[in-house]
Amino acid sequence: MTDITNTPAMEYEAQLGDYFALLKPRVMSLVVFTALVGMLAAPVGVHPVVGFASILFIAIGAGASGALNMWWDADIDAIMRRTQSRPIPSGRVQPGEALALGVALSGMAVVMLGLAANLLAAGMLLFTILFYAVFYSMWLKRATPQNIVIGGAAGAFPPVIGWIVATGSFSVEAWLMFALIFMWTPPHFWALALFMRSDYDDAGVPMLTVTHGRPATRRHILAYTVLLVVLAVGTAFSAIGGWVYLATALVLNALFLLGAYRIWQRDEVDAEADNYAVERKFFRLSLYYLFLHFGAILIEGSLRAWGISAPLSLGWF
Numbered sequence: 002m003t004d005i006t007n008t009p010a011m012e013y014e015a016q017l018g019d020y021f022a023l024l025k026p027r028v029m030s031l032v033v034f035t036a037l038v039g040m041l042a043a044p045v046g047v048h049p050v051v052g053f054a055s056i057l058f059i060a061i062g063a064g065a066s067g068a069l070n071m072w073w074d075a076d077i078d079a080i081m082r083r084t085q086s087r088p089i090p091s092g093r094v095q096p097g098e099a100l101a102l103g104v105a106l107s108g109m110a111v112v113m114l115g116l117a118a119n120l121l122a123a124g125m126l127l128f129t130i131l132f133y134a135v136f137y138s139m140w141l142k143r144a145t146p147q148n149i150v151i152g153g154a155a156g157a158f159p160p161v162i163g164w165i166v167a168t169g170s171f172s173v174e175a176w177l178m179f180a181l182i183f184m185w186t187p188p189h190f191w192a193l194a195l196f197m198r199s200d201y202d203d204a205g206v207p208m209l210t211v212t213h214g215r216p217a218t219r220r221h222i223l224a225y226t227v228l229l230v231v232l233a234v235g236t237a238f239s240a241i242g243g244w245v246y247l248a249t250a251l252v253l254n255a256l257f258l259l260g261a262y263r264i265w266q267r268d269e270v271d272a273e274a275d276n277y278a279v280e281r282k283f284f285r286l287s288l289y290y291l292f293l294h295f296g297a298i299l300i301e302g303s304l305r306a307w308g309i310s311a312p313l314s315l316g317w318f
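No gaps in the numbering here: position 303 of the sequence shown is 304 in the numbering used here, and each next residue is one more.
Don't read these hints as lab results, they were simulated from the structure.
As the structure is a prediction and not an experimental result, all values here were calculated from the model.
Note that the Cβ used here is the ideal one computed from N, Cα and C, for glycine as well.
Among the hints, erroneous ones may be present.
[As the list claims (entries may be wrong)] Here are the in silico distance ranges between beta carbons for each label pair:
hint	residue 1	residue 2	range
1	L313	E269	25 to 35 angstroms
2	Q147	M109	26 to 36 angstroms
3	S199	R27	18 to 28 angstroms
4	A105	R27	19 to 29 angstroms
5	G97	L313	51 to 61 angstroms
Please build the complete structure, drawing on both the sequences and the hints.
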């Protein structure tokens, strides 16, 4: 990590919005949604007050992870065009402030989740924060082209935590939701890396596009998408699936697989000629992909809570 304390904007007085931006609110919104789905899809009901408090503390924990990540990555954020406007590289917030905020919010979120829900949920939240802030940000991100593959686990834990809030235990269904996010993450970020490669080159981040080139990245996107499609459609036949989820998964995964196939077929001449239009379209689709899958899981959970049967299980899980 490079010292960037001597920024040209040292006299800027940070606003509340600057500190909120440290928490990566867009990422936090995904964490909140998937954790909520994990909690509501569980077969055990949660008191509304407990549920609200738990989701709030999970969100704070996610925000704390974001602040710690921004503190550590401030040097490369200052180089990459996509991240230059973040609070630390732009000089709106000092690195020490981000570190203090991240540590304070982490401690508060873990302790309060333990009090509001249970110790297992709190322990999983602590593990998730450490996994993202230390294992991924401080080590994997700059050490291996598999950074986003392994590091993607950090973003996949929230539905597991939500499930534990409700049930106090792990289950196959919770890990299916984990696996859905985990397998989605590499194609999602590698598509971004295809049309943002110069950023990673300049910052010295060993993204797959940098270490193995774009053709290899395209092959990896297709391979991971095929595995993701099998997992996503197969989840329809689990206890959290059903007819609504199956219909959603079939449509989304057909589109996703088609997009990955088109990316695999492309060469750099064609991609540069249309400014990576196919890759950008796939990346946008990936944003809806996860939201709609988890939305379908939420609908299935609501149908079960209302006593509406959705007999799709083939006895796989």
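Taking the hints in turn, this is what the structure says about them:
no.	hint	result
1	L313 - E269: 25 to 35 angstroms	43 angstroms, violated
2	Q147 - M109: 26 to 36 angstroms	33 angstroms, holds
3	S199 - R27: 18 to 28 angstroms	23 angstroms, holds
4	A105 - R27: 19 to 29 angstroms	22 angstroms, holds
5	G97 - L313: 51 to 61 angstroms	53 angstroms, holds
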